[in-house]
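Once you've looked at the hints, go ahead and assemble the two chains, each given alone in its own frame, into the complex.
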Amino acid sequence: MDTGVFAGADPMTAQVTADPWVPIRRLALLTFGLLWVFAATGFLVIDVSAQVAGTLKLLSASVLLILLVNEVTDRLGWSRRWLVIAVPMLWLLVFFLVPFIVLGRISLAEPMIARPPYSPLWDWGRDGALQIIASLDNFRFLLSDALYRNAYLSSIKVAGISTVFALLAGYPIAYYIARSPEPRRSVLLLLVILPFWTSFLLRVYAWIGFLRRDGVINNVLTWAGVIDEPLVMMQTDFAVYIGIVYTYLPFMILPLYANLVKLDDALLEAAGDLGASPTVTFLTVTLPLSMPGIIAGSMLVFIPAIGEYVIPALLGGPDTLMIGRVLWDEFFSSRDWPVASAVAIVMLVLVVLPIMWLQSVQNREASQ
Amino acid sequence: MTRRGWFLPVLAALGFVFLYAPILSLVVFSFNESRLVTVWGGFSTRWYGELLQDGQMLGAAWISLKVGAISATIATVIGTLAAFVLTRFARFRGKMVLTGMVTAPLVMPEVITGLSLLLLFVAMETSLGWPAGRGLTTVIIAHATFCAAYVTVIAQSRLRDMDVSLEEAARDLGAGPVRVFFDITLPVIAPALISGWLLAFTLSLDDLVIASFVSGPGASTLPMVIFSKVRLGVSPDVNALASIMIGIVALAVVVAWILLRRQTRPTR
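Protein sequences appear in the order of chains C and R.
So the mapping is simple: our numbering equals the position in the first sequence, first residue as 1, plus 6.
So the mapping is simple: our numbering equals the position in the second sequence, first residue as 1, plus 1037.
Pulled out of the complex, with its shape left as it was, chain R reads as follows (with noise of 0.2 angstroms):
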């Protein structure tokens, strides 16, 4: 690294602090005693309190939760598969349209994914008879769905940088393919699909609009409770909600981030 003053590590510190302050405040007023937001009346967890009362917010929690953890274990399958016939598959036919289908999610904007998912399972309702009517079922679908994408491209770079010949050898010793997969290509890129179900929890968790189109009566998220409360204003339960929630992520994150650290020094 070429010395070259300070302007650089300056601007580098300004863009940290624009990506932390906003969080950290949120933090710190979570336990602000005071009703009033921004304003400081003393340390309390009254708000965490009042957020364990909230039976709304906790049934919206339990249902966001659900939600999370069947549709990244849904999308760590598809994208797994996808990731894997993508860089171990040569040619066939429909690659270039699956390559398409990985990728183009990462980027659509959320009102188009959630719009043409919510028709399709409306036309699906009336030709098909299934699903009937919107709830879990369908924003669990949805959320698989864009989540796969993510899944894939994390499964995708492992699987380019893991040793092809620890494969190659396997199958010269006589494993079939499903063997191969199971005994030596999942355990290589099993951290990578640990990291890449966590994201896909913490994106379904996180989203929004697509639940919005999606779901139906008795199947609010998280984020649909967070998002109606929020429009009227700031409110101090949110902010202790908040920091919950970015406590867990920091936490998990942080896990992941070790475990995958300590995958890939030996293997590289």
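Bound-form chain C, shown alone (with noise of 0.2 angstroms):
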């Protein structure tokens, strides 16, 4: 795919492919080398701003780096396969996966007044000795107090709830718009899909409207005559259950309608036809080859409602205990950081073996 090595080689060749873009491309490179300059150095820049003049010149910076890459693989003949590749994944590298790296070290730090609150990974001892400081001190401090074991237990099992529910109301919705005729089913997961689009904290604000003492369901119900006295919903596990339910619903509809899209109407008919009723063909036939898509759907609402802070925060009440609330609350109030690391190293211990579970359903899913 690369000619640069002939192009080099040969002038006849270079000739033949010469790129109209490179004089342009030369141009580019002077007028923002110059633009960088007169930026950084302050020169020629009459009266703006100083976020106008740092806006210049980390535009001017970064046109300039690209096109010096570019020139300098230009002349040397270089693959740009890898520049390709190096661009996310070092972004990824040094955002995503070096901080996990400095949350386990720092869970293994001792807490201290200073600036940043934890103890250094190494330092020199009172006789000039390096000394390494690690310890599995926070680790043993959540083993043996209740309060942390209780709250992984309950949020496993908030996460668990929420998950079978969200299922139990999915499936339907999935399968109705699975069987629906082609414009209805765009139309119909438009639908599914809009409520992930608008913000997550206002759906979750929208359920206190609802569950309050005098909101509207209680209104609704009390005006039926259904009920005489409001029913108790906010700060509840229930008001908690409902919330994760509903924002994360969308999350179980796709992969299920994913799945449910490519069942062959043909099983089902011959199921039908060997004499089957419809509950028994759905238990049999549709059921099991809905797995994948159940499993990527469960696990695609409980790994991140394990974590969940927003909903148990604005809808549960004080003795709704879940982990995310509880780290939330180690470092914002304790400000006790090597335990908060130590509660979110935990907490990831418990949500890798689910990622890997749907990363491998999803691989399998990929490659049919």
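Hints are supplied without guarantee of correctness; some may be wrong.
Selected chain C positions facing chain R (in silico; Cβ < 8 angstroms) [unchecked claim]:
1. F106
2. S205
3. W213
4. G313
Some chain R residues well away from chain C (every beta-carbon gap over 10 angstroms; in silico) [stated by the list, open to error]:
5. Y1085
6. E1087
7. L1196
8. D1200
Okay, the calculated beta carbon distance ranges per label pair [what the hints assert, rightly or not]:
9. R:G1170 with C:L99: 20 to 28 angstroms
10. C:L127 with R:T1136: 27 to 35 angstroms
11. C:V28 with R:G1137: 32 to 40 angstroms
12. C:G278 with R:R1083: 57 to 65 angstroms
13. R:I1285 with C:V226: 27 to 35 angstroms
14. R:R1216 with C:G278: 49 to 57 angstroms
15. R:T1124 with C:L289: 32 to 40 angstroms
16. C:F44 with R:R1083: 47 to 55 angstroms
Simulated from the structure, these hints should not be mistaken for lab results.
Think of the CB as a built atom: it goes at the ideal place given N, C-alpha and C, for glycine as much as any other residue.
Given below as structure tokens:
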């Protein structure tokens, strides 16, 4: 794919494959180079705010960098393949993977009254010897304190129950959409995705107005004469289940739909012809075949729900114990960074298995 | 479709009611005259007027829009490159790592992402001197990182569906790989990238947890301001704000949907 080597070696081919963009690129290189020099030295920049100057500098520097790299690789005839790989790779390594290493290292540190509030990894002791400060004390503390154990268990319970409810609510919708004729199917699919695009925080907030003592549900039920006393729904675990099911329902429906839409009608007809009732057909044909969709949807709800903070904070009561909330309080209220990191590491261990399961299911689906 | 009675449509209809009733009631009550959010006191646009006078809210909204636009742009560039690399390049070292790094952020609990990024920024500040303190820059980097994963998923599915023979033809006619990408691939996947950008923008506009961890003084985003308000109870001006945001998002999604549909029809 790369003709650069030949182009450099043979003047004839170089002429044939000459890129008409080369002079334009050189001109741009010169322009942005000058622009960067001006912006960096403040020369010729008349009365612009510091912010504009800063933006200009950054912009010209990045364009300059791209053009320079382009020019250098062009001259040397290198493949630019690794450059394309390097950009997303480096970004994600630095800002997604390395943070976990930092997290792990700080979970081994001790809290200190300092900036930042944790002990350094290594230190010169009083006698001048190098000391490495790392201990498992934070993890021992997590194990010994019932609060954390209960928080983990209760998070798994809340996430698990919510996932089951989301599956029960999502499956009929996904099945109905998958069985719908085309124009209606796209519209229904859009209707499922639409709430996902609107603010998550505001959707949770909307339920406060629904579940409150003088909220919509209680008003309607009282008006209809179903209840005399308003139901207490806010600040209960029930409200948290509702909130999680509501906000994560699209994540359940979409993978289920993607799976169910591939279901072959002939299989259902064959089961029917052989005398199976619709219920038996569903249980023995549709349900087993949709298993990958069920697993993917359930994991997409279960994993983020474990660490959920906003929903228990807004809809749950003071005794709704969830690990995301514990971590938040440990960090923002107690300001104990090492313990918060240890809580996060244990949570990470908890979600790694479901994540790997999800990935293997998705890889199998993709390769089919 | 086999006719199987009323059971399934009714269940599906109930599901859609469940999805839309809270949003609709939010919009209806934003036009409520009464301060008591759940008691109807007549039609009024009073809360929209009060919203426009709320300096703190407007300032936060401006910050959120800025963060959203910049981080969505960065996320789109990174996500497109990642998707391109994963779908078009044969085996290379680290492909598995890259695959993992673009799927994991989709499900990673936000508190973990937020905390670990904050710790990274603090560690970088003490050892490298950059970023100096926390603020807009750190929020933008954090948002770009988790939004890039979503853009990758969208771009990846479009790149897979796209007819590869178009690219091969261009290459056979002598176009270099960079030229093929900009002249053939990019225009074909552009609608997917637009919807990816829009998704990244709304995700950034929406994020509370990660922003709360990595933000600093003077860089409170809109969700942070809303959250501190909502924690104290339901307030009618938040209803008005929610309605405006829902309206904008609904419009944007419908436009993106029409664009995508128009694009996918001829090539399929």
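Handout entry: Closest C-beta approach of S205 (chain C) to chain R relative to 8 angstroms, hint status
Key = holds, 5 angstroms
Problem - Outcome for the supplied range 20 to 28 angstroms, where the beta carbon pair is G1170 (chain R) and L99 (chain C) - result: holds, 24 angstroms
Handout entry: V28 (chain C) paired with G1137 (chain R), Cβ distance criterion 32 to 40 angstroms
Key = Between V28 (chain C) and G1137 (chain R), where Cβ atoms are some 39 angstroms apart, the hint holds.
Exercise for the section: Take the C-beta atom of G278 (chain C) and the C-beta atom of R1083 (chain R), compute their distance, and say whether it sits inside 57 to 65 angstroms. Expected result: Cβ of G278 (chain C) to Cβ of R1083 (chain R): about 59 angstroms, so the range 57 to 65 angstroms holds.
Problem - Cut-off 8 angstroms, beta-carbon criterion: hint that G313 (chain C) touches chain R - result: holds, 2 angstroms
Exercise for the section: Given the hint of 27 to 35 angstroms, check if L127 (chain C) and T1136 (chain R) actually sit that far apart at their C-beta atoms. Expected result: The hinted range 27 to 35 angstroms holds for L127 (chain C) and T1136 (chain R), with Cβ atoms some 31 angstroms apart.
Practice task
Run the C-beta distances from L1196 (chain R) to all of chain C and say if the shortest one exceeds 10 angstroms.
Solution key: Non-interface label stands for L1196 (chain R): nearest chain C Cβ at 13 angstroms, farther than 10 angstroms.
Handout entry: Range agreement (Cβ of L289 (chain C) with Cβ of T1124 (chain R), hint 32 to 40 angstroms)
Key = holds, 38 angstroms
Problem - Range hint compliance [Cβ, R1216 (chain R) to G278 (chain C), 49 to 57 angstroms] - result: holds, 55 angstroms
Problem - Residue hint F106 (chain C), partner chain R, criterion CB-CB below 8 angstroms - result: Where the cut-off is 8 angstroms and the nearest Cβ of chain R is about 6 angstroms from F106 (chain C), the hint holds.
Practice task
For the hint on W213 (chain C), just tell me whether its beta-carbon gets within less than 8 angstroms of chain R.
Solution key: holds, 6 angstroms
Problem - Cβ separation of I1285 (chain R) and V226 (chain C), checked against the hinted range 27 to 35 angstroms - result: holds, 29 angstroms
When each numbered hint is compared with the structure, no violation occurs for any of them.
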